[in-house]
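Participant: Each protein sequence line maps, in turn, to chains G and L.
Anchor point for the first sequence: position 50 equals 49 in numbering that gives the first Met the number 0, and the numbering is continuous, going up by one each time.
Anchor point for the second sequence: position 16 equals 15 in numbering that gives the first Met the number 0, and the numbering is continuous, going up by one each time.
By construction, these hints were calculated from the structure, which means they are not laboratory data.
Since this is a predicted model, take the numbers as computed values, not measurements.
There's no promise every hint is true.
As the list claims (entries may be wrong) - Just some of the chain L residues that point at chain G, by a computed CB distance under 8 Å:
hint, residue
1, LYS87
2, SER103
3, LEU104
4, HIS121
5, GLN122
6, TYR152
7, LEU156
For glycine and all other residues, C-beta sits at the position ideal for the given N, C-alpha and C.
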Amino acid sequence: MLIPVLLGMTIITFSIVHLIPGNPAQVILGEAATAEAIADLEESMGLNEPYWVQYGIYFMDLLQGDLGTSLRSKAEISSEIWPHLAATIELTIFAMIFAIVIGVNAGIISAWKQNSWFDFLAMIIALVGVSMPVFWLALMEQWIFAQELGWLPAYGRQDSRDPIAAITQFYVLDSLIHLDFERAFTILKHLVLPAIALGTIPMAIIARMTRSSMLEVMKSDYIRTIRAKGGSQFLVIYKHALKNAIIPILTVIGLQTGVLLGGAILTETIFSWPGIGRYVYEAISFRDYPVIQSGILVIAFIFVMVNLIVDIMYKIIDPRIKY
Amino acid sequence: MSEVILELQDLSTHFFTDYGEIPAVDRVSIKVHKGEVVGIVGESGCGKSVTSLSIMQLIPSPPGKIVGGEIRFKGENLALTTEKRMKKIRGNEISMIFQEPMTSLNPLFTIGNQMIEALRIHQKISKKEAKEQSINMLKRVGIPRAEQVIDEYPHQLSGGMRQRVMIAIAMSCEPEILIADEPTTALDVTIQAQILDLMRILNDEKETAILLITHDLGVVAEICERVVVMYSGQVVEEGTTREILKDPKHPYTQGLIKSLPKLHEKEQKLYSIPGTVPKPKMDRKGCRFASRCERAFDRCFQVDPELFLIEGERKSRCFLYDEKKGDGIDRAASSIRS
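So that you can see chain G by itself, here it is in the shape it has in the complex:
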């Protein structure tokens, strides 16, 4: 299942880039280039080969981890893309931790105390959370917590006057490797605002999904059985009901993680977060086709991988699921 999807993705990204009007050689050499110069460059770039040969070369390069060269920086995309990808993954991990911890627990308590004041409050917050535009939330956070209160930094991944010697490009991990806990704390502080901005919508969706899924499960016969066995409410909810309710919640978590990994351009721009969203966005404004193509491919690849992990987790949770 995974292989045809990935193969299809390479074909689609390849085709889209080739369907875009304009000749890359012309773009590189500029308006004033002569026809001979363009033909020479096309020759050297392999652009005069038939499409399927070009795709074959591209695909073989891909298999070796070669994503091509950026037109703008002339650097290898595969090495250039990693720091951006790591920045996005790190932000997504923290945003999703925030979303899952709060969303799942709020959903559980809402279902447990259905129609209580907590339930109403949590569901109102969830409704506001899904309806709120991310850019507005991000700006409000910056205004309140950075501008007015001065508690947290508003921009970037770290203190720019004192950059970290990156190893893995995951800055929290890097600073822990260096045993530099003070730096780790600073980097965590930089993560708070963007993670909350990014995690709010997933949190709201997860909370609502958890609530409805739990309510559904709580009505089932086996929950009654556990009560009849003398099981406590805690055992009923956190062991038996949650495990049964978790599958739709996991699906939502998987999809939301994929969305955050690929589509956080707005948040990354507001918080000057050097992530993959901004990397692709900048490539689009410079018409850097190889970067756009690679960026889309990498995002799609991650999306597929996240969902693969979710599928594997289904199987672990529910013994009845067979592939």
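Since chain G is already given, all that's left is putting chain L on it; use the hints.
Facilitator: Only chain L this time, still in chain G's reference frame:
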């Protein structure tokens, strides 16, 4: 007769819905003695399941609520006890099995996990001991390859096997009473007989009283010593199984027994009681069965009949047995013979 261990006294459970208050269980009194098998019989919606869930304090609440009466279990009134105390009683002193063996076990945990959990809620024993006890219990309820089954998931077992597992779980803490809410309804006939046999064996061995809820008079005849017939939230007749089956007093019970298919009679069409069970509602005047009763008279529509004592423990909620209105008995007696 041995001591009474469970006694319901005028138990009333009402449901508070958008359509008003519904008296699902209306002043029900039932006694269960030690080691006795008592059946509660009635059609769907007559309140028999709600009665059993009320004893366990497992009524979905809201909307359900016990509004009156007592549930005396070994002298203690469960209707007034705390949830904490109920947790100690459930599964330990009073156990329950349900109609749907297919959905009554959590599909995501192994049989062993769910059995060990039941033991460890009430007893301070190690997982290893609990597992050994569980395997023994599975063997006792007649599960072959118990050592393997304990590590299997519910979906790998058949309905009959799952009901055996449910019984094993319910009996694992050696309760005083087992409440069985239609335990055989979802099973096919051969498995039904096996499950009933199993329950009878456990009843003999451990002197566990069984409160069996069913709509099947065949099941009652098979296993019960005493029967309580319920109709529209009320007890309408009470007596030993033999008395009820041979000589039903209440017109409703008579109708139920008449509607059983008989092997030796070649009737074209089975008898059925005309009409349907009226929905229970508050402030109903008169006998609940009156509108379907072939022998109802004026008084039946105006006054709520009480449970008249006929003789010994034999009771019937029908004016035909009201001694103050002597003419009823003669009429009843003549109609039974006919």
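Participant: All the hints need checking, so say for each whether the structure fits it.
Facilitator: Verification of the hints:
no. : hint   : in the structure
1   : LYS87  : holds, 7 Å
2   : SER103 : holds, 5 Å
3   : LEU104 : holds, 6 Å
4   : HIS121 : holds, 6 Å
5   : GLN122 : violated, 11 Å
6   : TYR152 : holds, 5 Å
7   : LEU156 : violated, 13 Å
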